[in-house]
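**Q** Take a look at the letters that make up each chain.
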Amino acid sequence: MASGKRITRRQVLRIAGAAGGTAALAACGATPTPQVVEKVVTQIVAATPEVVKETVVVQQTVEKVVQQTVVVEKAVTPAPSDISGQVRLWVFPMTDNDQDTIWTPLNNRFKQAYPKIEVSLELLPWAGRREKMLTAYAAGQQPDIAYVNTDTLSLFGTNDVLAPLDDVIPSEVWDDLQGNLQAGLMWEGKRLMFPTLLIGTGYLYNKKLFSEIGWDPEKPPLTWDDIRKLGADSKAKGYFMTSWNTTNWGDNWITPLWQAGGNVYSKDLTKVQLTSDAAHETLQFMVDLFQNGWVPKEGAVGTEQEASAVAPTNYWITGKQTLSDVGNPNITTNTRAQAKDLEFGFVPVWKNKRQTQLGGAGCWGMFKNSKAPKAAEAWLLWMIAPEQQGFYGSVTKFAPPRKSAWQYWAAEADPKKFVEIRLQYLEMNQDSSYFWQEGKITCAPQFQAAVLGMKTVDQALSDAQTDLQKIVDDWNAKRKKS
Amino acid sequence: MVMHGVSTQRWHLAGRRETAHRRSLGYRLRKSASWYLFIAPNVLTFLVFTLFSWVFLIYLSLHDWNLLGAKQFVGVQNYTRMLSDKILAKALANTFAYILMFVVPVACVSLGLATLVNTRLRGMYLFRALFYLPVVTSIAVIAIIWRFILIPRPDGILNYFLRQVGIAPKEWLLDPHLAMPSITMMQIWSTMGYYMVLWLAGLQSVPEELYEAARIDGAGRWALFRYVTVPMLRPTTIFIVMIATIGAFQMFGPPYMLTGGGPMYATTTMVYYIWQLAFGRYLMGYASASSIVLFVLILIASLIQRKYMGWSESLF
Numbered sequence: 001m002a003s004g005k006r007i008t009r010r011q012v013l014r015i016a017g018a019a020g021g022t023a024a025l026a027a028c029g030a031t032p033t034p035q036v037v038e039k040v041v042t043q044i045v046a047a048t049p050e051v052v053k054e055t056v057v058v059q060q061t062v063e064k065v066v067q068q069t070v071v072v073e074k075a076v077t078p079a080p081s082d083i084s085g086q087v088r089l090w091v092f093p094m095t096d097n098d099q100d101t102i103w104t105p106l107n108n109r110f111k112q113a114y115p116k117i118e119v120s121l122e123l124l125p126w127a128g129r130r131e132k133m134l135t136a137y138a139a140g141q142q143p144d145i146a147y148v149n150t151d152t153l154s155l156f157g158t159n160d161v162l163a164p165l166d167d168v169i170p171s172e173v174w175d176d177l178q179g180n181l182q183a184g185l186m187w188e189g190k191r192l193m194f195p196t197l198l199i200g201t202g203y204l205y206n207k208k209l210f211s212e213i214g215w216d217p218e219k220p221p222l223t224w225d226d227i228r229k230l231g232a233d234s235k236a237k238g239y240f241m242t243s244w245n246t247t248n249w250g251d252n253w254i255t256p257l258w259q260a261g262g263n264v265y266s267k268d269l270t271k272v273q274l275t276s277d278a279a280h281e282t283l284q285f286m287v288d289l290f291q292n293g294w295v296p297k298e299g300a301v302g303t304e305q306e307a308s309a310v311a312p313t314n315y316w317i318t319g320k321q322t323l324s325d326v327g328n329p330n331i332t333t334n335t336r337a338q339a340k341d342l343e344f345g346f347v348p349v350w351k352n353k354r355q356t357q358l359g360g361a362g363c364w365g366m367f368k369n370s371k372a373p374k375a376a377e378a379w380l381l382w383m384i385a386p387e388q389q390g391f392y393g394s395v396t397k398f399a400p401p402r403k404s405a406w407q408y409w410a411a412e413a414d415p416k417k418f419v420e421i422r423l424q425y426l427e428m429n430q431d432s433s434y435f436w437q438e439g440k441i442t443c444a445p446q447f448q449a450a451v452l453g454m455k456t457v458d459q460a461l462s463d464a465q466t467d468l469q470k471i472v473d474d475w476n477a478k479r480k481k482s
Numbered sequence: 001m002v003m004h005g006v007s008t009q010r011w012h013l014a015g016r017r018e019t020a021h022r023r024s025l026g027y028r029l030r031k032s033a034s035w036y037l038f039i040a041p042n043v044l045t046f047l048v049f050t051l052f053s054w055v056f057l058i059y060l061s062l063h064d065w066n067l068l069g070a071k072q073f074v075g076v077q078n079y080t081r082m083l084s085d086k087i088l089a090k091a092l093a094n095t096f097a098y099i100l101m102f103v104v105p106v107a108c109v110s111l112g113l114a115t116l117v118n119t120r121l122r123g124m125y126l127f128r129a130l131f132y133l134p135v136v137t138s139i140a141v142i143a144i145i146w147r148f149i150l151i152p153r154p155d156g157i158l159n160y161f162l163r164q165v166g167i168a169p170k171e172w173l174l175d176p177h178l179a180m181p182s183i184t185m186m187q188i189w190s191t192m193g194y195y196m197v198l199w200l201a202g203l204q205s206v207p208e209e210l211y212e213a214a215r216i217d218g219a220g221r222w223a224l225f226r227y228v229t230v231p232m233l234r235p236t237t238i239f240i241v242m243i244a245t246i247g248a249f250q251m252f253g254p255p256y257m258l259t260g261g262g263p264m265y266a267t268t269t270m271v272y273y274i275w276q277l278a279f280g281r282y283l284m285g286y287a288s289a290s291s292i293v294l295f296v297l298i299l300i301a302s303l304i305q306r307k308y309m310g311w312s313e314s315l316f
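Each protein sequence line maps, in turn, to chains A and B.
Here our numbering is used: position 71 in the first sequence is 71, and no number is missing along the way.
Here our numbering is used: position 125 in the second sequence is 125, and no number is missing along the way.
Derived from the structure by calculation, the hints contain no laboratory data.
Please read all numbers here as calculations on a predicted model, not as lab measurements.
Just so it is clear, CB atoms sit at the ideal spot from N, CA and C, and this is done for glycine as well.
Please note that a few of the clues may not be correct.
[Said to hold, decoys possible] If the Cβ cut is set under 10 Å, some of the chain B residues that face chain A in the computed set are:
| id | residue |
| --- | --- |
| 1 | 64 |
| 2 | 151 |
| 3 | 171 |
| 4 | 201 |
| 5 | 261 |
| 6 | 266 |
| 7 | 267 |
| 8 | 271 |
| 9 | 275 |
| 10 | 276 |
| 11 | 284 |
Here chain A stands alone, though its shape is the one from the complex (with noise of 0.2 Å):
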């Protein structure tokens, strides 16, 4: 809750008159274009970064923060803009309350900077979002503005779906992106989404467990070497190192795939590359953890989302893992939620050839049939600004890409330092970007068969290579006709 700190009557004068200054220097001007706008925020909260800092961290609660950054913007905000239309949002539950918490109060906010816009938000569930987004527009009734996520854009891209952002958000906002995440929102040199949370997985490690079996509590893991000991020190004491999923194209492929020096496709997307050296080593990785019982086996089978939304034990909260299941920032308040004797640390990401990991990225895209551009544009422009990233970040838990939304990104210590230790590493590239969905249904069946001892490594990555290959020269083929 809060420190107990309260903001100083001083203080509220000092932002006011900042804030009120620079409006009637923008009152004086033309009406500002929503571009303008937010470089006036920008501006001020450069201008007085110890006030705005100070607000933040006296201010715990979410709530407060945005009660504050609304003083702020409130001063400054300039005369209603003209644009108008009513902008059709689809967006995903984050929170348990997404629209009390989220949205109800961003859109209040929003009303005040443009009246004549009207936001018409539908906030779908998880379950099925392919199918929905995909089947609303062919019929036509998709939104102007979705939230979605990097593994779509060759779909998108590939069907001239999503508008080119790179002209409508300015390119000091691009620079403002943390880390190495542009390459995944490109399509053929045209930036299609822009990135409104950061993904970033990980592990964390159980203190008392490294205790007991022999490690020292304060040293997590960092070399492969040091997880295959992890997983063997682990199970000789009767736990399960971590939880393994062969259907979790990004966290369990992806990830330990780039660790170990690989790629899936080659960069001009017209190679499958599963049988290198690199991908060789990562099955057999993968192998290892099933074979020696260091993650439970239940995790051979199963879709990903599906059967961790059914898994019948939760080992690491029921204090049974040395290491956590993968997971977002918000696994370490959901431990501390649901296992409040946990004591964990953080595992830095993994390294093998490489130390590096898959990031990620869920995005807004703008449709291009939209019925009111300009007004999506209004509506996109205004949202990725710091203040709406650093106040979704807070609530969502997920870090805010761009790099000056972080100061008011109220998350807690816990989550905030997950995010911290592995941002360096984040990465994307065609992995992250292309042939998702199609990567992970035709390469699934054959990690499982090298898992459960089907198939030797070698056979299972040689039939999950000539599988794929077809699926992207198929790709490639209808490309060059079209």
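Once you've looked at the hints, dock chain B against the given chain A.
**A** Just chain B now, kept in the frame of chain A:
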């Protein structure tokens, strides 16, 4: 007489005109307009959700389409492609294996249950409700329960009970030979309540006089069941076998929730594969062609059942 003859002729003429008028389309439409109004919702629903969908499905099966781009006419390419699709063949084999393992056992188990709950004992309504409960339970909840039961280690629930009778633990959903039987077991458990209700309705419609007459003739309990109950349940049997077969052809939830079609396609059914084609690989045309093949298979199975089980309209 003459006058009467003329008047009769006129009357006949008027009658013919009246008949012709009555036969005219406009008259009939006006006369039956209110009836059309009554059936309009159903007709509209049929046109939009069945007929149009069907026509569109056939149209799509002749095209290459990923839902977002332009449709490309490919003729019967989607159909010929099936001939060399090994996963489709596997999905088809799995579906037939599931039908064989599911239909007769679920019919027998649910009949047994219905016979048990058809007795007039105190609290029987509660048992009926309990047996029916899985039918109204979400597949996600059922999947959680069964994932627990089927944990592939010695401490799993089912393995624990097997060990008590000296049977070695099994890797239920991980073993390609046991994965589909495991799913079938779950499906029988979760749907038997529905079939039980159907059997119960059939059992309760057997006239009591038939049992009385048989008893007078000296029939025992087995003879009553064999020679009175079973023949009288023939319409119910045919109905249950048909809908269980059609349902089995369309099985989707358990592989979606429990196995993802694995291990190694061992639980990939036709419908699950069609869904994967459509929304995992975005091959809407190929998925449509596969759906049509599935429909034809269901139709053939229903016609065979109709022929060999003596199904006719009069049974219902």
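**Q** Compare the structure with each hint and give your call.
**A** Comparing the hints with the structure gives:
Here the hint on residue 64/B is kept, as its CB sits about 8 Å from the closest CB of chain A, short of 10 Å. The interface hint given for residue 151/B is met, as the beta carbon of that residue sits about 6 Å from the closest beta carbon of chain A, less than 10 Å. Residue-level restraint check for residue 171/B holds (minimum Cβ-Cβ distance to chain A is 7 Å; threshold 10 Å). The beta carbon of residue 201/B comes no nearer than 33 Å to any beta carbon in chain A, farther than 10 Å, and the hint placing it at the interface is violated.
Below 10 Å, beta-carbon pairs count as interface contacts, and residue 261/B has one with chain A at about 8 Å; its hint therefore holds. Because the closest C-beta pair between residue 266/B and chain A is about 9 Å apart, less than 10 Å, the hint holds. Checking residue 267/B against chain A: minimum C-beta separation of about 8 Å stays under 10 Å; hint holds. Hint on residue 271/B is violated. Least Cβ distance to chain A is approximately 14 Å, over the 10 Å limit.
For residue 275/B, the suggested interface contact is upheld, since its CB lies about 9 Å from the closest CB of chain A, less than 10 Å. This hint holds: residue 276/B has a C-beta 6 Å from the nearest C-beta of chain A, less than the 10 Å allowed. Interface hint at residue 284/B: satisfied, since its Cβ lies 8 Å from the closest Cβ of chain A, which is below the 10 Å cut-off.
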